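K.L.:
The opening residue of the sequence shown carries number 30 in this note's numbering; numbering runs sequentially from there.
Honestly, the hints are just simulated from the structure, not real lab data. Keep in mind that this is a model prediction, so the values were computed, not measured. Warning: the hint list may mix true and false statements.
Only pairs whose alpha carbons sit at most 35 Å apart, straight line, appear in this in silico DSBU-like list of lysine-lysine [as the list claims (entries may be wrong)]:
no., residue 1, residue 2
1, LYS316, LYS162
2, LYS165, LYS429
3, LYS306, LYS162
4, LYS233, LYS437
5, LYS300, LYS162
6, LYS316, LYS129
7, LYS429, LYS54
8, LYS165, LYS316
9, LYS437, LYS162
10, LYS306, LYS165
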Amino acid sequence: MSYSLVMVIIFVLGYLCIALEHPLKIDKAASALLIGVLTWAVFILFGGVDVHEVVHSLDENLAETAQTLFFLFAAMTIVEIVDRHNGFKIITDRITATSKVKLLWILSFLTFFMSAVLDNLTTTIVILSLLRKLIKDQPTRWTYASIVVIAANAGGAWSPIGDVTTIMLWIGGQITAGKIITGIIAPSLISMIVPLVILSFTMKGEIERPEQGKAAESITTPGEQLALLILGVGLLLFVPVFKTITHLPPFMGMLLGLGIMWMVTELMHKKKSKEIKQKLTVVHILKHVETPTIFFFLGILTAVGALGAAGQLGLLSEWLREVTGGNIYVIDSVIGVLSSIIDNVPLVAASMKMYVVDPSVLDFAQDGTFWQMLAYCAGTGGSILIIGSAAGVAAMGLEKIDFVWYLKHISWLALVGYLAGVAWIYVEKAVLGL
Numbered sequence: 030m031s032y033s034l035v036m037v038i039i040f041v042l043g044y045l046c047i048a049l050e051h052p053l054k055i056d057k058a059a060s061a062l063l064i065g066v067l068t069w070a071v072f073i074l075f076g077g078v079d080v081h082e083v084v085h086s087l088d089e090n091l092a093e094t095a096q097t098l099f100f101l102f103a104a105m106t107i108v109e110i111v112d113r114h115n116g117f118k119i120i121t122d123r124i125t126a127t128s129k130v131k132l133l134w135i136l137s138f139l140t141f142f143m144s145a146v147l148d149n150l151t152t153t154i155v156i157l158s159l160l161r162k163l164i165k166d167q168p169t170r171w172t173y174a175s176i177v178v179i180a181a182n183a184g185g186a187w188s189p190i191g192d193v194t195t196i197m198l199w200i201g202g203q204i205t206a207g208k209i210i211t212g213i214i215a216p217s218l219i220s221m222i223v224p225l226v227i228l229s230f231t232m233k234g235e236i237e238r239p240e241q242g243k244a245a246e247s248i249t250t251p252g253e254q255l256a257l258l259i260l261g262v263g264l265l266l267f268v269p270v271f272k273t274i275t276h277l278p279p280f281m282g283m284l285l286g287l288g289i290m291w292m293v294t295e296l297m298h299k300k301k302s303k304e305i306k307q308k309l310t311v312v313h314i315l316k317h318v319e320t321p322t323i324f325f326f327l328g329i330l331t332a333v334g335a336l337g338a339a340g341q342l343g344l345l346s347e348w349l350r351e352v353t354g355g356n357i358y359v360i361d362s363v364i365g366v367l368s369s370i371i372d373n374v375p376l377v378a379a380s381m382k383m384y385v386v387d388p389s390v391l392d393f394a395q396d397g398t399f400w401q402m403l404a405y406c407a408g409t410g411g412s413i414l415i416i417g418s419a420a421g422v423a424a425m426g427l428e429k430i431d432f433v434w435y436l437k438h439i440s441w442l443a444l445v446g447y448l449a450g451v452a453w454i455y456v457e458k459a460v461l462g463l
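Start from the sequences, fold in the hints, and give me the full structure.
P.N.:
Following this line, the structure appears as C-alpha cells:
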C-alpha cells in the first residue's frame, strides 16, 4: 500500500470520527489533531522525499495556518469582549421580530451583506453571538446558525474581501473587485434565497427569547455597552482597510483591533472593584473563548496541508480536467462540492497553479467565466457540509452543532441553493452569452 493511499485513508477515517463525534463521544478537536499529525508523519517517514523538503513544506503550511488561527482567535475574543459587556443587547433589543420566518430572513440578509464587508468567518462569529441573545432553545438556534453559515458563505463569495479564496483570486489577478461584485452577487443571492424560501414553508410559530441576566446588566452602563459595540464593530470593519493600506495579512489588522480593545477595557475598568474587573477584563474573558475550535482548525488545516504537499490535491485537479474534458462549468461545480469536504483554499490554490490567466481565451482571461464561477463555487459549496468552510467550522465549535444533524437537515438545502446558483451562471454565460 502506497504512502499516498495511507494518508488519504487516515484523512477519511479522521473525518468519519469528526462526523460521528457524538456517538463516539470523542471531541472533534482530538480527531482533527490526530489526522493533522499522522498525515505529515506518514509523508515524512514513507514518502521517499528529502526530510528537509518536508519540514520546509510543513513550515510553510504552518505559517499559512497560523494566520487563520490568529485571525480566528482575535476575532472571537473581540466578539466575546463586546458580548461580555452586553454590547449586542443594543442590537437584539431593536430586533423585535418574534416570527421564526421573519427573523430568519432578517438575520440572513444581515449576514449576507455583513459578510461581504467583514468576511464570512468574522460575520458568523458576530451573528452567532446575536443568536444566543435572541433564541432560547438549541434545536431552533442550530437551524438559524446553519442558515447563517449558508448566508455568510454566499455573502463572502461575491466580495473581493469576503472570503479567503476571493482574496486569493483578487490578489492573484484572476478577478477584479468590480467584476466579481457585479458578476457573482446574483447567483450568491440565489444560493441563499432558495433555502430560505423552502424553510419558510416548513418553519412555523414564534421564537422564545432567553432571559437576560440582571447581574451582567448591572456591571456595565448603557454608555459602556454602546462604546464597546461601536468600537468592536468598527475595529472589525477596519481590518480590510488596514490590509489595503499596509498590505499586511488580515490577521495583523485583527490583532491590532484586539490590542486596542484590550487597552480600552483596561482603562475603562481601572477604577472599578476587583470583582467587576475579574468579570470584564480581557484576561478573564480569554478563559471563555472556545479554545477547542482553534485546535480543530489547526488539525484540519494541517491535514489538508499535508495532502497538498504530498501532491494528492494536485492529482485531484489534474483528474478533474481529464474526466470533464476541460468543461469549465463541470470543473468549477465539482470543485465547489469538493470544497465541502476538503478546505477550499488548497483547492483554489491548486486550480490557480493548473490554469493561468490567458487574455486570448475568453473564459480564462481576467474576470473570465472560469475564475468568476470558481469564486462562487469554492465560496458557497463549502456550505453543503458543516466542516466545509471556516464559517461552518466556527459554528460547529461555538454552537456544538452535530455533523450528522447538519447532514440530515441542512446539507440538502445548501446543495439545492448551490445548484440553483450554478444554473444561473450557466444560463447567463453559456446560454445567453452575457
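K.L.:
Please work out if LYS300 and LYS162 have their alpha carbons no farther apart than 35 Å.
P.N.:
Status holds; Cα separation ~29 Å.
K.L.:
Regarding the pair LYS233 and LYS437, is the alpha-carbon distance no greater than 35 Å?
P.N.:
This hinted pair holds, its Cα atoms lying about 19 Å apart.
K.L.:
Compare the distance between the alpha carbons of LYS306 and LYS165 with 35 Å, and conclude whether the hinted pair is satisfied.
P.N.:
holds, 28 Å
K.L.:
For a C-alpha distance cap of 35 Å, please report whether LYS165 and LYS429 respect it.
P.N.:
Holds, because 15 Å separates the two Cα atoms, which is no more than 35 Å.
K.L.:
LYS437 and LYS162: Cα distance at most 35 Å?
P.N.:
Distance of about 26 Å is within 35 Å: holds.
K.L.:
Between LYS306 and LYS162, does the CA-CA distance stay at or below 35 Å?
P.N.:
Satisfied, since the Cα-Cα distance of roughly 23 Å is no more than 35 Å.
K.L.:
Is LYS316 within 35 Å of LYS129, Cα to Cα?
P.N.:
Holds, because 33 Å separates the two Cα atoms, which is no more than 35 Å.
K.L.:
Are the Cα atoms of LYS429 and LYS54 separated by 35 Å or less?
P.N.:
Measuring from Cα to Cα gives roughly 13 Å; hence the hint holds.
K.L.:
Regarding the pair LYS165 and LYS316, is the alpha-carbon distance no greater than 35 Å?
P.N.:
Within the cut-off at roughly 24 Å; holds.
K.L.:
Measure nothing beyond the straight line between the CA atoms of LYS316 and LYS162; if it is 35 Å or shorter, mark the hint as holding.
P.N.:
Distance of about 20 Å is within 35 Å: holds.
The earlier numbered hints are all upheld by this structure, with none contradicted.
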